[in-house]
Every structure is written in structure tokens, then in C-alpha cells.
Amino acid sequence: MTKDLEHQFVTELEYNQNIVHKVCTLYTNDRDSHNDLFQEITIQLWKAYPKFRGESKFSTWMYRVALNTAITLYRKSKKSIPTQDYESVMFKITADEYDPTEEQQLKLMYNAVRQLGDVDKALVFLYLEDKDYREIAETLGITEVNARVKMNRIKNKLKTILNP
Amino acid sequence: MTDELELLKRDWQNKDKQLPQLSFNEIYKMIWKKSSSIVKWIFIISIIEFAVPHLLYLLPVMSKSMAVWRGLGLGNFLLLSNIVHYSVVLFFIYQFYRRYKEISTLDNAKQLLSNILKTRKTVKHYVIFCLSLIFISYLVMAVGIYLSDDPIAAMGYNYTTENIDPEKLKATIIVTLVVLGFVVTLLMGCIYFLLYGILLKKLNKNYKELKEMDI
Numbered sequence: 030m031t032k033d034l035e036h037q038f039v040t041e042l043e044y045n046q047n048i049v050h051k052v053c054t055l056y057t058n059d060r061d062s063h064n065d066l067f068q069e070i071t072i073q074l075w076k077a078y079p080k081f082r083g084e085s086k087f088s089t090w091m092y093r094v095a096l097n098t099a100i101t102l103y104r105k106s107k108k109s110i111p112t113q114d115y116e117s118v119m120f121k122i123t124a125d126e127y128d129p130t131e132e133q134q135l136k137l138m139y140n141a142v143r144q145l146g147d148v149d150k151a152l153v154f155l156y157l158e159d160k161d162y163r164e165i166a167e168t169l170g171i172t173e174v175n176a177r178v179k180m181n182r183i184k185n186k187l188k189t190i191l192n193p
Numbered sequence: 004m005t006d007e008l009e010l011l012k013r014d015w016q017n018k019d020k021q022l023p024q025l026s027f028n029e030i031y032k033m034i035w036k037k038s039s040s041i042v043k044w045i046f047i048i049s050i051i052e053f054a055v056p057h058l059l060y061l062l063p064v065m066s067k068s069m070a071v072w073r074g075l076g077l078g079n080f081l082l083l084s085n086i087v088h089y090s091v092v093l094f095f096i097y098q099f100y101r102r103y104k105e106i107s108t109l110d111n112a113k114q115l116l117s118n119i120l121k122t123r124k125t126v127k128h129y130v131i132f133c134l135s136l137i138f139i140s141y142l143v144m145a146v147g148i149y150l151s152d153d154p155i156a157a158m159g160y161n162y163t164t165e166n167i168d169p170e171k172l173k174a175t176i177i178v179t180l181v182v183l184g185f186v187v188t189l190l191m192g193c194i195y196f197l198l199y200g201i202l203l204k205k206l207n208k209n210y211k212e213l214k215e216m217d218i
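Top line first, the protein sequences correspond to chains A and B.
Numbers 30 to 193, taken from the working numbering, label the letters of the first sequence in order.
Numbers 4 to 218, taken from the working numbering, label the letters of the second sequence in order.
I should point out that these hints are in silico values taken from the structure, not numbers from a laboratory.
Hints should not be assumed to be uniformly reliable.
Listed next, the stretches of chain B that the computed footprint assigns to chain A, with coverage defined by at least 3 CB atoms under 8 Å from CB atoms of chain A [what the hints assert, rightly or not]: (1) 168-178; (2) 203-217.
Quick list of the computed label-pair ranges, beta carbon to beta carbon [stated by the list, open to error]: (3) B:ILE194 with A:PHE81: 37 to 47 Å; (4) A:ILE190 with B:HIS88: 52 to 62 Å; (5) B:HIS128 with A:ARG104: 22 to 32 Å.
With a straight-line Cα cutoff of 27 Å, these simulated DSS-like cross-link-like pairs (lysine-lysine) come out [unchecked claim]: (6) A:LYS150 with A:LYS86; (7) A:LYS51 with B:LYS36; (8) B:LYS12 with A:LYS188; (9) A:LYS80 with B:LYS37; (10) B:LYS121 with A:LYS150; (11) A:LYS105 with B:LYS121; (12) B:LYS205 with B:LYS124; (13) A:LYS160 with B:LYS205; (14) B:LYS127 with B:LYS204; (15) B:LYS36 with B:LYS205; (16) A:LYS160 with B:LYS18; (17) A:LYS150 with B:LYS204.
Every residue, glycine too, gets a C-beta built ideally from N, C-alpha and C.
Could you put together the complete structure from these sequences and hints?
See the structure below:
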């Protein structure tokens, strides 16, 4: 029975691992911290798995536990400085047609997003993942109206970071 | 700005190919690793904090001070304060356990943060309670000295104090006790709140941010 559960869990996580990797990308600066956070999220997901019982989609449930781990439970082991190799792989521009202006813009945007606080990052993350405001509000525990207001403020904040 | 954010969104959703891919076995190994989450640390540190004031009683200095209490005729006070103390300690431990059990990563972020901070608050109240008790003990001891006819004997010493004015001696001991009580309480309080602040810095910051969103 436990073996079944383990197998089922790991299979689902393997299939949906991109969500966790994306959270790690936003919240960490180097490969070691990325792996550290990935591991902690995996442990928290596994601990919560018996309570999951398929009431929502596995991925929906993952967003919540992964973000909670990043915002609340994860303790940075050391002050990590952004490493060049990590940045260049993670933020390699994926536009189909190479456009230097677009690339420059995206680079600036990614850097700006990473300067935001933990909670703001969570909002941006869910927004980039195309979640609606109802789901963003539910994940963070705020009202839908306030999620919208906050997102507008973050957009302004990003604007200031980009055009100081 | 919205255009730029849309551009970012498009790029973000195409990122999958660049992300690391872990195999089934790599993930399987991870589920058996030990968590290093802040909740685990809070639990361990809280247990230590619950235990430390009690371990202090085992120190020889403290056992000696028990004798002083009896010498001062404050044995009953000691018994009573111990009964109150342990009832309150049990209450705090129960409260702590209940709140700790409520912590779940399945809650929304705000609820989760609130539950963790509440759990920690129980420990904070416990520590304030212990610190007050330490301070009060010093004060009561000072009162005991004031009421005692022969404070030196009551404290278990056999000095002859012919050359010293007994009133002066009494006053000195009382002032020393009050100052000592104050300093010890303050010092322990400072150490504790420093630790508390460091431990919860990130949580408090994020919780405040989420709360401010809803104002």
C-alpha cells in the first residue's frame, strides 16, 4: 500500500516537476539553492500527499504547497549571490525568432521580477502561469479584489525598477 | 508595461525545455531526505525553550537557593509557586501542541503564516511567564531578607558580622538581590527576543505584507 502511494506520488511529481522548477527559479539564485529548495518542496509535498485525496488537480495542489514552502518554510542556507552560469541557462530567451531588443527587454524584466519580495513574486508567478485572480487570491489567502489591486501595484513597481 | 509583462508571460510558458529534468529515481530518493524547514526548527527550539528553565533547577547553585528559601521561611511560597508554575507550564505545552498540529502546508499562505506565528507566540508568552517568575522570585527573596532577623544564617552562611551594622548589611543584600533580579531577567529577555526576531524575520515580513494587502 505504502509502496503504491510512493510510486503514484513520484510518478505524478515527475510528470509535473516543471512547476516546482519554476518556483525554484524565481526564489533562488544559484544551482545549489535551486536543488535545495526543490528537495524541500518535494519533502513537503510528500508529507502532505496523504491528505491530498484528489479533491483538486494534482498540479493545483502543487502550486499551493510549493509556494508555501518558498514563502514560509524554506530557510536559505547561505547568502547566495546570483551565479552567471545559472542565470544564462535559466533565463536564456526562448523567443522563436531572435530579436535583440526583445531579448534585452526580457532580461531586464526577469531581473526586475527577481528583485521583488517573496509575496510579490508569488503573485507574479501565478500570473505568469496564467492563473485567474480567484485562484491567486485563494492560494495567498487574500480577497480577489485585493489580488487585482496588488497586481497593478506590482506592475507599477516593475515599471519603476525598469525605468529608474 | 502590460505589453512587456505579456511578453514575459509568453516567454515563461515556453521555458519548459530549459528547465532541469529529474528522473523518477532522483525524486524517489528525495522523499526520504530530512526536511530542514523553518517549522521543524521552530519545533526543536521551542522544545529546548520549554526545557531550559527546568534544567536550571538541576544546577547545584539552584538547589542551594532552595535551602535559602526554606531558611527564610518561604518554603510554602516555593511549594505554591511550583504548583502554579507547573500547571501553567502544562497549559502552555498543551496550547503549543494544539497550535503546532494546526500547521498545514495545504492552507493558504496567509493562514499558514498566521498559524506558525501563533504557535511561536505561545512560546513567547511562556518565556515571558518564566522571566516574570524569575524576577518575582528575586523580589520575594528580598522581602524575605527584609523580614528575617538573621539574614546571613538564613542564607546558610556562618560568618560573624560583629563589625557590620546589621541594618546596613540587610539593605545591601536587598539592593543586590533586586539589581541582580533585574539584570538577570533583562539579559535573558534580550537573548531570547534576539533569537526570536532572527528566527521569525522572514515570516513576519511576509505575513505583514499579506495582511497589508487586505487593508
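Evaluated hints:
no. : hint                               : in the structure
1   : 168-178                            : violated (count 0)
2   : 203-217                            : holds (count 8)
3   : B:ILE194 with A:PHE81: 37 to 47 Å  : 41 Å, holds
4   : A:ILE190 with B:HIS88: 52 to 62 Å  : 54 Å, holds
5   : B:HIS128 with A:ARG104: 22 to 32 Å : 24 Å, holds
6   : A:LYS150 with A:LYS86              : 23 Å, holds
7   : A:LYS51 with B:LYS36               : 21 Å, holds
8   : B:LYS12 with A:LYS188              : 16 Å, holds
9   : A:LYS80 with B:LYS37               : 20 Å, holds
10  : B:LYS121 with A:LYS150             : 25 Å, holds
11  : A:LYS105 with B:LYS121             : 23 Å, holds
12  : B:LYS205 with B:LYS124             : 15 Å, holds
13  : A:LYS160 with B:LYS205             : 26 Å, holds
14  : B:LYS127 with B:LYS204             : 15 Å, holds
15  : B:LYS36 with B:LYS205              : 24 Å, holds
16  : A:LYS160 with B:LYS18              : 17 Å, holds
17  : A:LYS150 with B:LYS204             : 18 Å, holds
The structure does not agree with numbered hint 1 stated previously, though it agrees with all others.
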